[in-house]
Structure formats: C-alpha cells, structure tokens
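A.B. asks: Taking the hints into account, I'd like the entire structure generated from these sequences.
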Amino acid sequence: MRKRRKIITVSTAVAAAATLPLLMSPVVSAAVLEDDDESSRMTRLYAPPPDRDSYRQVARLAWRGDFRDSAGLLSMVRTPQAVWYGDETPEQVERLVRRTTRSADWQGRLPVLALYNVPGRDCGSYSSGGADSLAEYEAWIDAVAAGIGDREVLIILEPDSLALLPSDCADASNAAQTAVEQQTVIEEQTTADEQTTADEQTTADEQTAADGQSAADGQPAADGQPAAQEQPAAEESPTELPPLPDPGASTAPPTGSAAPGAGQEAAQTPGQQLPDALPATSETPAPKPPEVQEPAALEPSASQTPAPEPSTEQPGTLPELPPLPTPDPVTPEPGNSLDPDGLDTPVVEDPETAARYSEINYAVDVLTALGQTSVYLDAGHAGWHSVSSIVPRLIKAGIDRATGFALNVSHYQTDPDSTWYGRLISSCLAYADEGGDPEECADQSWSRRHARRWLRAHAPDDPAGMKHYVTDTSRNGQGPWTPRDRHIDAQSWCNPPGRGLGRRPTTHTGDALMDAALWVKTPGESDGRCLRGTDGPLDPVRGTVNPEAGEWFPDQALELVRYADPAVKVFRRTVGR
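Per the numbering used here, numbering through the sequence shown is continuous, rising by one, with the last residue being 1554.
Because the hints were derived from the structure by calculation, they are not lab data. Do not take every clue at face value.
As the list claims (entries may be wrong) - Have a look at the derived ranges for each label pair, beta carbon to beta carbon:
(1) P1328 with S1105: 24 to 34 angstroms
(2) E1113 with D1488: 21 to 31 angstroms
(3) A1147 with S1080: 51 to 61 angstroms
(4) R1045 with D1410: 43 to 53 angstroms
(5) P1543 with E1068: 33 to 43 angstroms
(6) R1433 with S1105: 39 to 49 angstroms
(7) R1033 with H1435: 48 to 58 angstroms
(8) D1542 with D1439: 29 to 39 angstroms
(9) Q1069 with E1528: 12 to 22 angstroms
(10) Q1084 with P1514: 20 to 30 angstroms
(11) G1085 with L1515: 26 to 36 angstroms
(12) F1044 with D1119: 39 to 49 angstroms
Just so it is clear, the structure is predicted and the values come from calculations on it, not from any experiment. The C-beta atom is built at its ideal place from N, Cα and C for all residues, glycine as well.
C.D. replies: Encoded structure:
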C-alpha cells in the first residue's frame, strides 16, 4: 500500500512538472500581453527557450504551493532576453545562430545575440575562455555571419572587451588587495612609529637618570665627560619625533579606469543596501523589503548626489572644474582626432591589447556588412570608466562603423545613471569626430550644471547624427550592491545578494539616443563561484557555494523576482471586475 502511494506521488510530481508550463501559460500570457500593448509602436523582441533548470525550479515551487513565486519565475524566464554564444566551434555556432535567427524570423521578432568569444576574455577570471588566436576568432565571426545571413539581428559585441582590455588585467588582479594592503601598511607604520617614540623616550629618561646618578656620585658620565659639563636632560631628549600618519588621510587606492571585479567596485555607485546573507534555500518565505544603507566611503553617482552648484555671486564665470581621470594610453595615428597635430606619440600598447582592437574591428566590419545587423560595442558602465577613458577605446574599436554602444551589460547601475552616461559618451564621440579632444569632454563626475553647459556648447542638436546606445536592465531593479563589511573583497559584480529585475525589455524607450532597454545578461544565471578574497568554497556573503558561471542559480533567480522594480506582473484582473 505504501509503495503504491509512493508511486502515485512521484507520478503526480512528474506530470505536474511536465504540464506546468501549459497550465500556467494563461497567467504568463496575460503578463506578456500587458507588456506588448504598445507593440504597434515598437519592435517585438525574441524570447529564447528557457533553461531546463529554471522550469524544474518553477515546478518545484508550484508543487510546494508557492504559486506566486512560481508564476513570477516563469514570467521572468519567458521574457525576451539575449542568446549568448561563445566557446562553440565555427561549425556549431553557425548552426545554432541559424536556428535562433530563423525561429525569431518565423515569429516576426527581433533576436538579440551576445557574442562572447574574444581571446583572453574576462582576464582569465570566472568567465575565462574564448578563441585562442586572432585567426581562430575571425573564423568564428565568419561562421556567426553565415548563420545570420540576411535576417534582422541586434548584436551585443563582446561584453567587457573594451572596458576590460588586456592591459587592464594586471590592475584587475592586483586591485582586490590594494586597499587592504595599504590599510595594513599604514596601521603597521603607525604602530612602529608609536613604539619608536616610546622607546626613544624611555631611553632618554633612563639616560637622564643615569647621568643624574653619576653626578651625585661624582663619577664621570657615560661618554667620559664630567657630569657637570653635560647639557640639561631636557635638551638631551629628541627635538623632533618621527611624523605620525594623518588619521584623516584616505587609505583607499586612487580611482581610475581600472578593470571590473575588484578594481571597479571602488568606483561603483552606491545603491540600496540589503542584508549581506540571504537564506540558502530558494523556497523560503519572501523577505521583507530591503533597507537603504548609506555607505560613508564611496563617492555618490552624478544622478544621486550632484556636486555643489557654482556660486550665484559670479553668474558670468564658472568655478574651476573637477580634474578628469587620466585616460588609458592609446596610440593615435597622424591626423587622428586624438592627435590633431600629427605629433609623434610613443607606442604604449602591449601586443595583446593591439590584437583586441584588431579583433573587434574585424567583427564590426563583417557583421555590419550583412545589411540588417545592428552592432553595439562594449562601453562598460557609469561606475567604471570616465567618459574620456572609454571614448578613445570605442574610437579605436571602430565605433564609427558600428550602430552604437552597449551599457551596463551584466551589471547593476540604475537607469538614470546609465542614460546620463550614455548621453555624455554619445556627445563626446560626436565632439571627437569633429576634431575635439576627448580629454575636454564632460564627465559623469562633473556637476550636472557644468556638464549641461558643456553639452549646450559642444553636443549636436540633432540626435540622428550621434551614436545611439542600448542598456542592460536585467538585474538593476535595486541598483548596485554595497557590502556592510568594508574589509572583504566585495566583488560587487559577482552574484550580489538582494538584487531585482529592472525595466522590461523594450525598444520604445522615450529617449532619442537610447535604442532599447534589453535583458542582455540571462537573469537567474550565476556569475561564478564568488569567493570575495577568501579561500572558499563558500561565498562569505551568501554562506553557500555559488554555481559556476553560466549555471542556473535558484536563490538568485528567486531574489530577482521578489525584488523586481517594477514588480513582476503575473496576475491580470479580468475586465469588468
């Protein structure tokens, strides 16, 4: 009897898992229909088949009676998002790309492809891999182009390829411990200085006592001179003590256009703060809304806390503008807008970085030649590079021949920060195209008043003549994460806790320069096994072992649904009720 009951229970669970997508399709369709109400004014985006592990989690939640989370998760995985390709052979990627683009074409939808196979990608970190050489990469791009053919496609070309050049890799690997090492050195130096001061004072006191005793006994002092000829003890003590460190001095490493991972965390915009550790199981009750924590040591972004406005006492003049970060060295060609005088500039690029530019330029030429392919180059995000740093990289990578650039891919910057950063980059590109120096461009660190004045003076009036951009809103609903523990290697880009889905994918953005808000990073997939400076294997923030990069992460997937902003709509009220 017990055996029969067990068989019935297992069979019911299997049937529920198999039929759940069909049973819940009306609920999800209602949500999708709400998002597509304005389909006549925008391009309909393609939704690829979901990850099998995501459906398993949906079935598990429904079987336990958690229908709201189950329906929300199902709605998330069936929302249009990018299809990623990388590490396949040329034959494999041609076949897969052809299958995806044909399926999207039959549905009358626009597919978004994220191409991620550049040699040396991610500086050998969690998402390491890619082609082994320039020739191998070119063959791979040729195969992608063959799979696309004459069909319409939107391509996000090599995320992190320009914001994280090979020349940045050393900084990325060392930046994680720089702040800790500097703090340790300062603390050790402070302790040593205090100990030295105490030892010297003790020695002086002992010497004074010894000299006084020698004088009282009528004996010569230690240096052979009579005690009566010695200087007073007050003059014998050190006149200058070793300088103590300034307690108010900053111990953080200097910010600049370093790499992501540990290097970019210091530059990221503070966002809403959530608990450092979340429940290990994905089927736990929904947590309370996160509380906002005000970090004290990070610089706020331009959109959150504008810099002080210029004095109203001098309306005709501007105060001194803040210094811009030093841009990454490039090698301008004679007559290039970066070197208008054609002066000789020392070559400072390493061979790997030069090869990276060749790879991206080749991909731009091949893919844009297809006719119906829109290509967007990597431009990092607003908390990473300054405008004057990323613009020369885009120029060298062939932005003049590409459709535009992509922002915030796989990251968490807010929409206002990304749109402001995109406007500044697009304006700077137009300024450089007219012979201007990117060093003179308005930067996201400027006050809005200063930046807008620069834009009025130098940005084109017609957005049609400027480079457009797209943003990744798949996980930015709660903004970037800031850990409470300032002593760990935060890796704020790596599976941060308590993040939420952001704006739903759309090509109707309301911004003349913004072509689309997209879900480029697949929500629910892990960023890797985040160790945050520890020996592992546990993530010290989550208290669990994170899945490998690209694998389904049930805990994070559920967080994205629960903390989504705007909230995931899974139930639709019937008209007339």
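A.B. asks: Please go over all the hints and tell whether each is borne out by the structure.
C.D. replies: Status of the hints after comparison with the structure:
| no. | hint | result |
| --- | --- | --- |
| 1 | P1328 with S1105: 24 to 34 angstroms | violated (19 angstroms) |
| 2 | E1113 with D1488: 21 to 31 angstroms | violated (38 angstroms) |
| 3 | A1147 with S1080: 51 to 61 angstroms | violated (42 angstroms) |
| 4 | R1045 with D1410: 43 to 53 angstroms | holds (51 angstroms) |
| 5 | P1543 with E1068: 33 to 43 angstroms | holds (42 angstroms) |
| 6 | R1433 with S1105: 39 to 49 angstroms | holds (45 angstroms) |
| 7 | R1033 with H1435: 48 to 58 angstroms | holds (54 angstroms) |
| 8 | D1542 with D1439: 29 to 39 angstroms | holds (34 angstroms) |
| 9 | Q1069 with E1528: 12 to 22 angstroms | holds (20 angstroms) |
| 10 | Q1084 with P1514: 20 to 30 angstroms | violated (42 angstroms) |
| 11 | G1085 with L1515: 26 to 36 angstroms | violated (47 angstroms) |
| 12 | F1044 with D1119: 39 to 49 angstroms | holds (48 angstroms) |
When each numbered hint is compared with the structure, violations occur for hints 1, 2, 3, 10 and 11.
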